[in-house]
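Produce the entire structure from the sequences given, and follow the hints as far as they go.
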Amino acid sequence: MESLLSHCEAKNVSIADAMIGKESEKAEMTREDIFHKMKDRLIKMQEAVEAGKSDGSPAPSGISGGDALKMGEYIDRGDTLSGSLITGAMRYAMATSECNARMGVIVATPTAGSAGVLPGILFSLRDNDNYSLDALTNGLFTASALGYIIANRSFISGAAGGCQAEVGSATAMAAGVIVELKGGTPRQAVHGTAMAMKSLLGLVCDPVGGLVEVPCIKRNVIGTSIAFSSADMALAGIESRIPCDEVIETMYRVGSEMPRTLRETSLGGLATTPTGEGIKRKLYS
Amino acid sequence: MEFQSCFDIIGPVMVGPSSSHTAGAASIGRFTYELLGRCKPEKARITLYDSFAQTYQGHGTDKALLGGLLGMGPEDTRIKDALAIASDENIDYSFLLEKDQCPYYDHPNTTIIVAEAGYRHVKVGGVSLGGGLSHIFLINDAETTIRLSTDDDFRSICNRLPLYMLTNDKREV
Numbered sequence: 001m002e003s004l005l006s007h008c009e010a011k012n013v014s015i016a017d018a019m020i021g022k023e024s025e026k027a028e029m030t031r032e033d034i035f036h037k038m039k040d041r042l043i044k045m046q047e048a049v050e051a052g053k054s055d056g057s058p059a060p061s062g063i064s065g066g067d068a069l070k071m072g073e074y075i076d077r078g079d080t081l082s083g084s085l086i087t088g089a090m091r092y093a094m095a096t097s098e099c100n101a102r103m104g105v106i107v108a109t110p111t112a113g114s115a116g117v118l119p120g121i122l123f124s125l126r127d128n129d130n131y132s133l134d135a136l137t138n139g140l141f142t143a144s145a146l147g148y149i150i151a152n153r154s155f156i157s158g159a160a161g162g163c164q165a166e167v168g169s170a171t172a173m174a175a176g177v178i179v180e181l182k183g184g185t186p187r188q189a190v191h192g193t194a195m196a197m198k199s200l201l202g203l204v205c206d207p208v209g210g211l212v213e214v215p216c217i218k219r220n221v222i223g224t225s226i227a228f229s230s231a232d233m234a235l236a237g238i239e240s241r242i243p244c245d246e247v248i249e250t251m252y253r254v255g256s257e258m259p260r261t262l263r264e265t266s267l268g269g270l271a272t273t274p275t276g277e278g279i280k281r282k283l284y285s
Numbered sequence: 001m002e003f004q005s006c007f008d009i010i011g012p013v014m015v016g017p018s019s020s021h022t023a024g025a026a027s028i029g030r031f032t033y034e035l036l037g038r039c040k041p042e043k044a045r046i047t048l049y050d051s052f053a054q055t056y057q058g059h060g061t062d063k064a065l066l067g068g069l070l071g072m073g074p075e076d077t078r079i080k081d082a083l084a085i086a087s088d089e090n091i092d093y094s095f096l097l098e099k100d101q102c103p104y105y106d107h108p109n110t111t112i113i114v115a116e117a118g119y120r121h122v123k124v125g126g127v128s129l130g131g132g133l134s135h136i137f138l139i140n141d142a143e144t145t146i147r148l149s150t151d152d153d154f155r156s157i158c159n160r161l162p163l164y165m166l167t168n169d170k171r172e173v
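Listed in order, the protein sequences are those of chains A and B.
So the first sequence is numbered by full-length UniProt numbering: it starts at 1 and just counts up by one.
So the second sequence is numbered by full-length UniProt numbering: it starts at 1 and just counts up by one.
Hint data in this document are derived by calculation from the structure and do not stem from the laboratory.
Misleading hints may appear alongside valid ones.
Label pairs and their calculated CB-CB ranges [said to hold, decoys possible]:
(1) PRO103(B) <-> GLY56(A): 44 to 52 Å
(2) PRO58(A) <-> LEU96(B): 28 to 36 Å
(3) ARG153(A) <-> ILE157(B): 22 to 30 Å
(4) GLY71(B) <-> HIS7(A): 37 to 45 Å
Chain B residues, not near chain A, derived (Cβ > 10 Å throughout) [to be verified]:
(5) LYS43
(6) ILE85
(7) GLU89
(8) ILE91
(9) PRO103
(10) ARG120
(11) ASN140
(12) LEU161
(13) THR167
From the three backbone atoms N, C-alpha and C, an ideal C-beta is built for every residue, glycine too.
Following this line, the structure appears as structure tokens:
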């Protein structure tokens, strides 16, 4: 992260710009082509949100589905605790993750299990602050730069590093995106990323019945709130006492020490509660 | 550096529910299909290890691997129905579950596919690393390291493989 920041600060560019430049150099494509390729992915994300937000049907397993619809009805009643920005993000994150559970088409950001967080915050920013699709596409470049460093230094799969590596990484990326879209500096964005990741360190991957549904969908939803809180702290000028690079390194160490039972094997955590075991028996009998 | 592009992080575009258990698995299956000369296998024996073996049903890992073997990409909505499609096409497939770690590769998401199409017969070992990225670590008992992103052109990767990897004397599937 420090080398990304020195690059951004020396050249006076955003994290998103730095990523577009690096990608166009490496892939030997024009900046425009790369931008359009990313925008296509944003549109796929939008389609998943649209498909999921009004679909009340259950997933094939019968253990999830219909909650995005409930969230929408609750928001429409106009008396939410968290306000329209956060509840909107919660609704869209849920819509995407429910679409994923139905084996619908989604964009992994960075993984399918954590695909709800980024579309959640992005499309709520669009609704509430009028961000254009081009601005949101820039947000995806910011996210990819942050995720690129996390993925190469640590991990992004629950099987390798627990849910901290999936929803943790997605939330950390989302926090940086919000800061940059809101006009914060690259350094503030990286502090936002660090603070979000610290909040989810140690989160285990314990899907009930091995399905990416319980507790995955709601963790994506909650991830959006953590991303906004971390971004607000960063935009206030608050810094992470532990530098982002060291937080990422910590995520790697914690994940490496995590027992196999808590890394997507469904052999521990919520998966082995009486209810979790009951669902598993019912599903596979 | 496993992840080399911004599109490895924002992507792939895929059917759910898991990038490592569904999209990465589809890639390994699809690579095997390419290795068979873009032919659907008549026979396939697929061994799932560790996390793949524990959670394949919920993640549709079996559907994704088989869908890939039938030539489907990770974004193909027919993956959902891959088991039925394979049965309709009279493909003799089976899954073996090894709940322990794969003896060839230290990672929870590993599979070994043995498949046959006409006179062609291949054995492919693959590991799914998350975010849709995977590695092929074994081709016909020769160790290798081939990085697969869902965006890659699998056919040209197969065309560049050394000849010794493509010969396999063992006939049993």
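Hint by hint, here is what the structure shows:
1. PRO103(B) <-> GLY56(A): 44 to 52 Å: holds (46 Å)
2. PRO58(A) <-> LEU96(B): 28 to 36 Å: holds (31 Å)
3. ARG153(A) <-> ILE157(B): 22 to 30 Å: Roughly 27 Å apart at Cβ, these two residues keep to the hinted range, so it holds.
4. GLY71(B) <-> HIS7(A): 37 to 45 Å: holds (42 Å)
5. LYS43: Holds: least Cβ distance 26 Å, greater than 10 Å.
6. ILE85: holds (14 Å)
7. GLU89: Check passes; 20 Å lies beyond 10 Å.
8. ILE91: It holds; ILE91(B) is separated from chain A by about 21 Å at its closest Cβ, greater than 10 Å.
9. PRO103: About 16 Å separates PRO103(B) from the closest Cβ of chain A, which puts it past 10 Å; holds.
10. ARG120: Holds, since 31 Å exceeds 10 Å.
11. ASN140: With a cut-off of 10 Å, ASN140(B) remains clear of chain A, as the shortest Cβ separation is near 27 Å.
12. LEU161: holds (23 Å)
13. THR167: holds (33 Å)
When the structure is compared with the earlier hints, no violation turns up for any of them.
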